[in-house]
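Assemble chain X onto chain D, guided by the hints.
For reference, the chains in residue letters:
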Amino acid sequence: MNTLFRGKWWSFGFRSTIMLYFVVLIVLPILGIYSQSLSKGWLPFWESVSDPLAWKAVLLTVKLAAIATILNIFIGTMIGWVLTRYRFPGRSLLNSLVDLPFALPTAVGGLMILLLLGPNSLAGELLSGIGIEVVYHEPAIVIAMLFVTFPFVIRAIQPLLEEMDKSEEEASYTMGASHARTFISVIFPTMLPGILSGAMLAFSRGIAEFGAVALVAGNIPGKTLIASVYIFGEIESDNPQGAAAVSVMLLTLSFAILWTVSLLQARRTAK
Amino acid sequence: MRKVWIALTYLVFTLLLIIPLIKIFSGSWANGWSGFVEAVTRPQSLHALMMTGIIVIVVTALNTIFGIMLALYLVRADWLGAKMKRLLGSMVDLPFAVSPVIGGLMIVLIFGPNTVLGALFEGAGIKIVYALPGMIIATLFVTFPLMVREVMPVLGEIGSQQEEAASTLGAYSWYTFWKVTWPSIRWGVIYGVVLTVARSLGEFGAVLVVSGNIMNKTQTATTLVYQDVENFNVVAANGIALILAAFSVGLLLMMEWAKKRKEVH
Chain D
44 MNTLFRGKWW
54 SFGFRSTIML
64 YFVVLIVLPI
74 LGIYSQSLSK
84 GWLPFWESVS
94 DPLAWKAVLL
104 TVKLAAIATI
114 LNIFIGTMIG
124 WVLTRYRFPG
134 RSLLNSLVDL
144 PFALPTAVGG
154 LMILLLLGPN
164 SLAGELLSGI
174 GIEVVYHEPA
184 IVIAMLFVTF
194 PFVIRAIQPL
204 LEEMDKSEEE
214 ASYTMGASHA
224 RTFISVIFPT
234 MLPGILSGAM
244 LAFSRGIAEF
254 GAVALVAGNI
264 PGKTLIASVY
274 IFGEIESDNP
284 QGAAAVSVML
294 LTLSFAILWT
304 VSLLQARRTA
314 K
Chain X
100 MRKVWIALTY
110 LVFTLLLIIP
120 LIKIFSGSWA
130 NGWSGFVEAV
140 TRPQSLHALM
150 MTGIIVIVVT
160 ALNTIFGIML
170 ALYLVRADWL
180 GAKMKRLLGS
190 MVDLPFAVSP
200 VIGGLMIVLI
210 FGPNTVLGAL
220 FEGAGIKIVY
230 ALPGMIIATL
240 FVTFPLMVRE
250 VMPVLGEIGS
260 QQEEAASTLG
270 AYSWYTFWKV
280 TWPSIRWGVI
290 YGVVLTVARS
300 LGEFGAVLVV
310 SGNIMNKTQT
320 ATTLVYQDVE
330 NFNVVAANGI
340 ALILAAFSVG
350 LLLMMEWAKK
360 RKEVH
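Line order of the protein sequences matches chains D and X.
Per this note's numbering, residue 44 is the first one in the first sequence, and the count goes up by one each step.
Per this note's numbering, residue 100 is the first one in the second sequence, and the count goes up by one each step.
Keep in mind the hints are simulated off the structure, nothing from the lab.
Take the hints with a grain of salt, since some may be wrong.
[As the list claims (entries may be wrong)] Computed list of lysine-lysine pairs in BS3-like fashion (alpha-carbon distance at most 25 Å, straight line):
(1) X:K358 / X:K278
(2) X:K359 / D:K209
(3) X:K278 / X:K361
(4) X:K316 / X:K226
(5) X:K102 / D:K209
(6) X:K359 / X:K278
In this text the structure is predicted, and so the values were computed from the model without any measurement.
Next comes chain D alone, as it looks inside the complex (with noise of 0.2 Å):
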C-alpha cells in the first residue's frame, strides 16, 4: 500500500512536471507574443504592420526565401537522385556532407560567404569587376539561404527514391517508354510529396533565417533589411510592440506552411 501510494505520487509529480515544462517553455511565449503585439489595441499594431519599412522587409523576405526555395528544389531533386540512385567514388561523403549546413553554426555560415564573396576575395572583386554585387546585396541574402535549407529537399526525396518500388518503373521500360518518359510519369510522381514538404520546410526555414543573413546582408532599410533583422533592430531600439507585431505576420505565415507540411504527411502515412 506505501509503495503504491508513493508511486502514485511520484507519477504524478512527474506528469505535472513535464507538462509544466511543455507549457511554459513552448505555449506561454507563443501565446506572450500575440497579446505583446496587441497590447496597446489595434490601431498600434495596425501602424506596425503597415510602416512601410516593416512590410517592405516582409515581402523582401518572403520574395527571397522563395527564389531560394526554387534554387532547392532543382538543386535538391538533382542531389537526392544522384546521390541514391548512382553508384560513384565519394559518394557516402557527399551524403554525410548534406548536413553540414545543419551542423555548422549559420553564422559561421554567414562568414564563409562574407570570406569567399567579400570585397576583399577574389571572386568578390571578379564579380564586381563585371558590375555584379554579391555581398551586402541580394544575391548575398538568397545564397545565405540557399546554403542553411539546402539539406531539406535532398533529406526528404531520399526515402522515397529508396522505396520506391523497382518494377513499376522496369514496366514503364519494357513498355517501350523513353527515360525522359518514364521519368516525368513514374519517378518524378514518387518524388513530389518530398519535393513539396522538403520545399515548405526549406521556405519556412528561409524566411526564419537570421545569423547568416545577418553578417552578409548589409541590412540597408527597405533594400536589403529582412525581416529577422528588422525586428532585431526593433528590439535594439527598444519598441517590443512594434518587434512582435512584424513577428506576428512571420509566425502566422510559418505556422500556416508548418500546418500545411503535417497535413501533406498525415495523408501521406494514412494511405
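Showing chain X alone in chain D's frame:
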C-alpha cells in the same frame, strides 16, 4: 547523361560546401599561426567559448531528460486523451517554425525586467534576461523539438507489448524502462543528443536577443563572431569560426555514425 549529373552534383557540393569550409580553415592562418592563437586566446574569446560550453552542457542535459519523458507521455500515456495527444504532438514542432530572433523576443517579453515573472525572479535575486538563465531558456526553446521528434517515432514503432509484458510480470516502471524501452530507443536518443549539441553550439539569433551580447559577461562564441565581423576584425572572427566549424565537422561524423546504428538497431 549519368556522368553529367554526377559532375553537376560534385560542382554544387564544391561551390556551396567544400570551398567555404576550406576557406574557414585557410582563412584563420591569414596572419600565421600566431594570429590564430592571438584571436582565440583573447580574454573575451576564452570567456565566450566557456559560455557556449556551459550552455551546450546544461541545455543538452535538460533537453534530453525532458524530451524523452515528453515523448514517452505523448506516445504511451493513457491519462491524455487521443485528441489531446495529437494537439500536443503538433505543438512540439512549433519552435521549428519560429525565427530564432522571435524566439529570443518571446523570452524577453515573458521574463524581461518589466514583466510580472521577470520582476518576481528579480525580487528573488535571479536575473534571467541579459544573463545566463535567459540564454539557457532561449536555447532550450530552440532545441526543444529535436529530441522529442527522434524518440517518438521509435516508441510508436516498437509498440507497448513488451513493456506491458514486463510490468505484468511485476517489474517496476524504472526497471521496465531501463531493460525494455531504453535499448530500443537508445540510438534515437544519441542521434537527438548530437542534434541538440549541434544546434545549441550554433544558436545565434535567440541568444543574441536575450543576452544583450555583453562582452566578457553574456557573449557566446557565435555572438562574438558576429561582433568581430561588425568591427571588421575578420581574422579574429575566423579564428573562433574555425573552432566552431571543427566541432561541427566532428558532430557531423557522429551524426553519420549514430544514423547508421539507428537503422540497424
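Hint check results:
no.	hint	in the structure
1	X:K358 / X:K278	holds (22 Å)
2	X:K359 / D:K209	holds (24 Å)
3	X:K278 / X:K361	holds (18 Å)
4	X:K316 / X:K226	holds (13 Å)
5	X:K102 / D:K209	holds (22 Å)
6	X:K359 / X:K278	holds (22 Å)
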